[in-house]
Structures are given as C-alpha cells and as structure tokens.
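Chains as they are written, first to last, in my numbering: chain A, 1 to 754; chain B, 1001 to 1157.
Hint data in this document are derived by calculation from the structure and do not stem from the laboratory. Just so we're clear, the structure is a prediction, and the values are computed from it rather than from any experiment. Do not take every clue at face value.
Taking lysine to aspartate or glutamate and the DMTMM-like style, the derived pairs with C-alpha atoms no more than 25 angstroms apart in a straight line are [stated by the list, open to error]:
1) 311(A) <-> 1017(B)
2) 636(A) <-> 1092(B)
3) 176(A) <-> 1092(B)
4) 300(A) <-> 1092(B)
The chain contents come next:
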Amino acid sequence: MRKNPYWSDSIDRMQSAAIDGEDFALPEFSEPRIYSRRTFMKLTGLAASGLVLGFARTDAANSATSEANSFPLAYIQISRDGKIILYAKDPEIGQGIKTALPMIIAEELDADWQSVEVVEAPTNKTLYGRQSAGGSRSVRRNWNELRHVGALARTMLTQVAANNWQVNINECTTHKSVVTHSLSGRQFTYAELAEDAAKLSIPEKSSIKLKSTSQYQLLGSRKSGVDNLQLVTGKPMFGIDQKIPGMLYAVYEKCPARGGRVKSANLEDIRTMPGVTDVIVMPGRDNPFGPLPGVVIVAKSTWQALAAKRKLSVQWDETDAAKDSWSSAVAQAQKLAHTPGKQTIAEQGNVDKPLSEDTRVDAFYHYAFVAHAQMEPENCTAWFKGDSIELWVPTQTPQWGRETVAELLSLDTAKVFVNQVRAGGAFGRRLFNDYMLEAAAISKRIAAPVQLVWTREDSMNQDYCRLGGFHQLSGSVDKEGKLSAWQNHFITFTHDGKKPPRAGGLKENEFPHPMINNLKLTQTMLPWDTPSGLWRAPSSNVLAFVIQSFIHELAVAAKRDHLDFLLELLGRPRWLEPGNPEILHTGRAIKVIKEVTEKAGWGKPLPKGHGLGLAFHFSHAGHVAEVAHVSVTEDKVLTVHRVTVVADVGPVINLSGAENQCEGSVVDGLSTMLGLEATFEAGRIAQTNFHQYPILRLPHTPEIDVHFIDSDYPPSGLGEPALPPLAPAVGNAIFAATGERVRTLPISKEGFRV
Amino acid sequence: MLKLEVNERIYNFDLEDTHSPLLWVLRDQLGLVGTKFGCGMGQCGACTVHLNGAPVRSCSLPTSAAVGQAITTIEGLSREGQLHPLQQAWVELDVPQCGYCQAGQLMSAAFLLSNTPSPTDEDIDNAMVGNLCRCGTYKRIRKAIHQAADTISKEGQ
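Bound conformation, chain B alone:
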C-alpha cells in the first residue's frame, strides 16, 4: 500500500511499480488528469507539479521519491473554490490557445510568484524557460504573470 499526499488529501493505493513516474500515477490511478504528458523526458514542462512547493517534472520523477512529500497539482492550485490570481489572469487575458501546456505553465508561474512576488521580465524568463507552448502564447503568459503579481500585491495591501 502506497500513501501519497496530493493537494492536501491523502491517497492510499496499490502500486506494482514504485518507479512509475508520478505523472502516470496522478493521471491513471488518482484520476488527476490536469497534469499532462508531453515528452516523457523533462523537456517540455507540461507535467510540472509542485513537490513541497517547488516545481518538478512529474514525467521523470519516480513515485517512490514523492512519498511523504506534499504534492500540489493544477487541481490543487485554487483553494476553497477561489481561483489563484494566476488562473484568474489566465482567463481574463485569454491566454490559452489549445491549452494543453497551460497547467504546467501555471505551476511554474505559481512557484515564481511564491518566491518572487513582483517578478521582472528576466525573472519570468528564467522561471518559464522550461515550459514549451507550441501554440506560442508566451506573450500573454508574461502579461498574465505580471497581472497576477499586481493582483497579489494589491490584495496584500
């Protein structure tokens, strides 16, 4: 029996192969399909989740390495029915095109804002360089991160 803590909820389940990347356990066993499969080798960032608050590529992380840690996925980014300011900005600025990479983009951006509440363009470059968007929504991603940062700073005042 394996125990994982995902989005502040404890999941107990059987797993034949604990080397199975976390991505597939989230998607196939726990039904959390918001985290996406893109490349399987940590190149595209579509599978980004947080492990103890820091972004990891779940396609390349053995599930055994996530046991006993706090995992957050896109499904857990909004709290108590309240959208994260990034999610709100993503909707307001109509960021997605196909939308497939956006969960990963949001998770990378959420980590950025948790450490750097008022990021510069350079901070955004560094935080987001690992997330591919084949549709090319980068301009809006940058704008939405700035907008969410503004929202957070206003809420903090």
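One chain only, chain A, in its complex shape:
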C-alpha cells in the first residue's frame, strides 16, 4: 500500500474531524444582561427599541476574552416593541435548521411565532458550543439546551408578572408572548416584562419546568421556512450573493488530478485580459483539504475572471498527483471478489456449513463514486484587514473553518470573523472548507476584499466524492426458511494503506449483522489517492442498498414474503444498546416497517409489470422504512409511481420541514441510483457538468407519502436517514415487477432508464 507523498495530513482524520466532537451535555447559563438600545445596536448591528433580554452560556459570561463580551446576547432578545429575536446557531444548508431550532426555543418560551424574527448567529464556540451541520445531529445536539433556554426565559418573564401582581407564579399562564393571571384575567405582554426580567437572577434549574410532548402547540405543526419570503423574491441570502464595496472577483484553477503542481502557465497572456488585476501562482500547501497549488485570476467582475480562466493554459507537474482509475478498480475488485478477504471485520459461528448445506445465494454488488453537485458552487467572500479577516462563507463547519483560516494566516482565532450565510445545498461537500482557505489566502495576498467563485467544472473535478465499493455476498436459508449464514467480502478503498476512510467502512453492528449466528465479514482495500469525502448519509447510503437488497434476495430464496422475513430477522422488540440513540431499536424498526407496508398496501394485486419493494434502514438515530411502487417496461423503462415513507425520529419539530426532508431524500436517492456516477481515469473525474451528471428532473418525480411515528424518544435529525432505504426499496420493487435483480449503482449501468 502506498500513500500519496503529497498529503501530509490524514484524509481519514480530517473526515472524522468534520463530524466528530459532538457535545450533547446541557451547559449552565449566565445571568441575563440588559443593554441600552445604543449598546445593543453597537453589538448586534440590529435596530431595537427599549431593552433586551439575552442569555449566554456561563462559560461565555465567565470568559475574559473580548469575544464573549462582544456578543453576549446568545439566543433570545425581547425588545420593548414586542419583537422577539431568536438566534439560529447552526448553518442552514437546506435542511431547515434555521426554522427548526428557533421553533424549539419559541415552543418553551410560548412566544408568538408570528412576531419572531430569526437571525443567523455569528460563529462563536464560546457562546454557542458546537455549530455545525452534519450527521443529522443539529436537532439532537440542541434539543435540551434550546428547550431550557426557552423555558428559562418564560419562567423569568412569568416571575416578573407574578411579582407585579403579588400572586404565586403557579397562578400564571403563558401563551403567545403574553402572561395571564388565570384568576383575575390580568395580562402583561413579554415586551412589558422583558426589562424587569433581565434584572432577575437565573432561577434554579430544578424550578424550570419543561413541557411534555402533549403540551406542544408549535412543535409538530407545519411552519414555512423563515427565509422563504426573501428566497422567492430574490433577496441576497447566499454566500455567492455577498457584495462588499471595492470587492474583486477571483477564480482558482487547480490540477484536475489531485496533488498536481503548476509547472508553467500562460500568465502573461492572462494578465493583459480585460479587467484582470492579478494573476498569481499559488504554491498551495501540503494538505488534501487545501489550499492546493494552482493559478488564481483576480478581476473586476466575475465574468472577466471566468473569461480569463477559459484562456488560461496550465501545464501541470503530476509527479505526485493521483492516478486513480475506476475501471481498473472495478477489474481488480471483480478478481478479488472470490478470494477470502485480507482482513476479518467480524466472525460469528461458522458460515461454511450452512453455506454448503442450505439453500445458498451468491451476489456481487457494486456502486460507483458520486459527486455532491450542490446547486450553489463553492464560493467564499473574504476581506483581509491587516490584523484580522472577515469571511462570508456557505459552510457546514464554520467553527472548524474559522480555526483553519486562523492557522493558515497565523492569526488569533478571535481575529477571524465568520459570517454564516445560507448555503445553496451541501450534502456533505461543505464539511470541508478548502474554498474558504483559498479565499482567505487570496484576500491576504492582494490586500483587498475578494469573492472567490468556483465554476461547475471546478466543483465537479475538485469534489471529495463518495467512495465506490464492492460486496461479494453469500448467504443461505435453511429448510424452515430462516436465514442461516451471511458472508460479505467487502472490497473498499484506503487512502493511507492502513484502514478505509470513515465513510468507506463496514460495521460489525450494522443490521442485520448482530442478528446472525453464522456471520463472516471480511475486507480488502484498494489504494485510492484522490481524497474522498462524506456524502449525505455516509456509508448508509450504499450499505442500505446492498444489505436490504440481499435480505430480499434471501427472502426470495426462502420462498418467503419479504415483510415476514425482515420482521423475523429483527426479532423481538428491544434496544440493542438501551439508551444509545446511535444503536438500532428493533421495536421502533418493526413499527415503521409494519406501518409503511400498511400504508402502501403491501400484498395488494398489481398489474403486470408493476411491483412493490420494501426496505428499512437505521441511521443517524432515525428508523426509516420505505415502500416503492414501480413499473418497468420490456425495454427497461422504469417508472417510480409512488414512494411511501414512514420514519420514527421522535417528536417532529417542524412537520413541513420534516416532510420536505423526506421528500427530498426520496428524490435524491432516486436521482443518484438511476444515473449518477463520477468515474475516474488518470486521477481525473470524467464528468464535468450537469450534461454528464443527470440529476433527476421534475417529470420523473414520484408521488411521495410521508408519515411519522408519534414517539416519545428524544428527537433526531432528518437531513439524512430517509435517503438510504430508497435505493433498495426501488431495487426490490424492480425485482418484484420483473424478476430481475439490480446489483449495480447507478442502475443505468444495468440498462434501466426513466
């Protein structure tokens, strides 16, 4: 095994850094502070009348850093004019978190949602703890903290009212930003109480009463996204929309094979092109996450920069560059498939006996690399100001970005200001901040504010793709039709020769492994130099396809109904590791599976050429089952008529947003399984733009029914878990309709089309 000599940093380590380090603990809160209108405006840049009430984390209040003191109004501001500002702490990337998190506060606060204004929080670890969008974790991470914040403020406002009326606080109720004394009917608005509430001490945690799920009025209702009006009227919302007076525009040409360096380029020709102000050869640094070596063109408009980039001709030194080839990886994997596998991941019982004596099924599954292809290309606006830098960047990891910019420019983190802006999609691409580092480096170099924009072609060839992979599966079913053995030789990739990157692994505890008495999981790794990344529902998005399809294959071999076979495999209802939300709960699984088959009419008679397919997958703390209804013509034209989704993610925060995420996951899952692949030759991704990367279009969208289980487990996120079951549900439906098994993603490789 070799290691690309160019990379000093471990890709595996960076992948883990992007999504690890979660803090689910509830922090202590500081005493509230009151600010004059003038101070408030100075701190926040927002207009407000009267006084405001704000809470921060205790560690922020105690901190002597200027950072904590410069922005202490962490979550809630209630001003005298009745406006309630709630800060949305985590990045909005299309998952609806800018609406969902403030809804949690507003529920416990009993704020009138109509008068709530939501503002994107600044990037500040001291004030907000971890701020990131990844792993569908934002709701889980913030659930306790935000409920407490809301309840704390509600309690203090109520206390002021009770003191004023000289009654017991228990006689007071709150509703839509008003405190009412039940017996006398007297009322105060929150606006009238805010100033005095801010003078109270923080009450004991034990005196704070959180609502029970049944008391929720706002949570679980359908709310339109807080930015929707601005979005549909074309207001500047996104990273690429930022404008700074005097700002220049930059593009960045890098070697299409990762790790290549600039040998020579027609720099002089480019310098004379209209509007071009700077042409810079960037040495880059020895890190797969940027900034990479390349040629930067700075111009007075985006178009001038783009036009110059078209004329740019760079000769690359590819000595250390990636030489990856997908076709050669496929050929190697096919050869390796029937070998035992170099490493053992897990072994239980003995697979050999049942595999030789029982009814046996062998299957080779494989799936391609895919690109993120989020609609808004990578961009970042950076303004280096000598001893500090301010950035506007669509990112999933603003804090990590902030720290890496500080490190790159040798600045104190406190001197790096990262403005969160709406991201035009992310899907895992924006966990890495290479484009942010690039913009920071350029702004420092030219000593001017600059907006770096990538082209679609840059976005494709500089992506951190989802890894492809291969599974040689063998399974058996005994005379009673029960699963008797499961063997998987997983052929994956490695960047460091030691282990697969995070999203390229196969876990021992992945369903159904823990349920199988005779189990053998082995692994062989192929070297891969181009850094891979994390793509919506990492590893789950492919493992669900392989595993849930193969379970169906075994059910068919056993001549059993897929539903019965799957339920039998799950066994009795139990939490495999009680209390751990990362671990499968078979009871919740059984419930979503039963519910989805009921809703979809499992077993109903269908016309010839039609079929229903079922799949379940547990990931990101979410239990999701889906049934697809498809039809297939003789020449393999596939129509997906309807997909039914049932999810158990605990109490739903914003029903509209939750349904939207499930609908989007179905479309994304279908789009990806149908025709998306990023193929590599000589280290280059062949697909350059949407004409070669056919994202699903509106006419092929199925009907989608989404249902949620009313459950009392702590809520979890929905950005990802509804995606993995889609591909196997459709694949199993194709089998039901045609008798043909799909084992390759995208299925266009097997001749299917829409």
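Given the coordinates of chain A, assemble chain B onto it according to the supplied hints.
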C-alpha cells in the same frame, strides 16, 4: 454606454465586454443577485430570467442580445409590493429547501402560467424540465404551480 431595461427600470452603465453573459451583468453590475449561477451552460435553469416575457438562460445569453428588450428577473416578479401568486404559493407550501434554484423555478413557472393559466401535470412537466432542484422539491413545485393557477383563476372571476 450600455442601456438595459430590467424590471421596468432603465439602467445605463459601461460594459467592457458586451459578450458578457447577462447573468453576470445582472449580478455584478446591477446588483440583482436573485438570478443564480449554477452551471454556466444552460443545463440547470438557476439563471432563468424573462426576455420579453419568455424564459431564457441568462448564463448563456450575451448581454448585447438583451439590449433594447424587456428583461424581467426574480426581483421584478412581484409588482407594486404584491407577491405573484406563485411566490405566495411557494411560501404557503414551504417549497424551498436550500432555495438556490427557486428563483429560476419561479421564472419558468411564471412563464408557464402566463401562457397556460390552468396547466395540466404534463404542461408542468414540459415547462419545468429544464430547471434542476438538487434538494428534490419537485413535488411541492408542482403543487404550488397548481395552487397559484387556482388563485389566478379565482381572482379572474
């Protein structure tokens, strides 16, 4: 000096390169950033604007070709502070996820309704096939177009 009519307003400005696609003139020179850059080759529809009422891909349209024509962008879809019924339906049905493609979607849908006030699903398929949504909000887009069509027909009665 170049003269463009955008959203019923006349803009006079200098442009070194009149081949510059309209998209970048709208965004960088006129500050109308609602129209989005997605692919640069007319594949995704994020940059859709109206030229004399018909949808065009502004990323591939030389600005010189737009001179003397009436250009409408997403910023001009609502008139006199009144949201277009499509914009209203988009908000009511919570269509956007990331929202980046939605300006282009709305412009394509607005053209559809201007010609076909009561579109069938097939009409919607044909009108919207050129606009990608990577988040997959298509189901809601279809529903919102139908809802806006209903609103318009009720207003007309």
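Honestly, which of those hints from before does the structure not fit? Of the numbered hints, 2, 4 do not hold.
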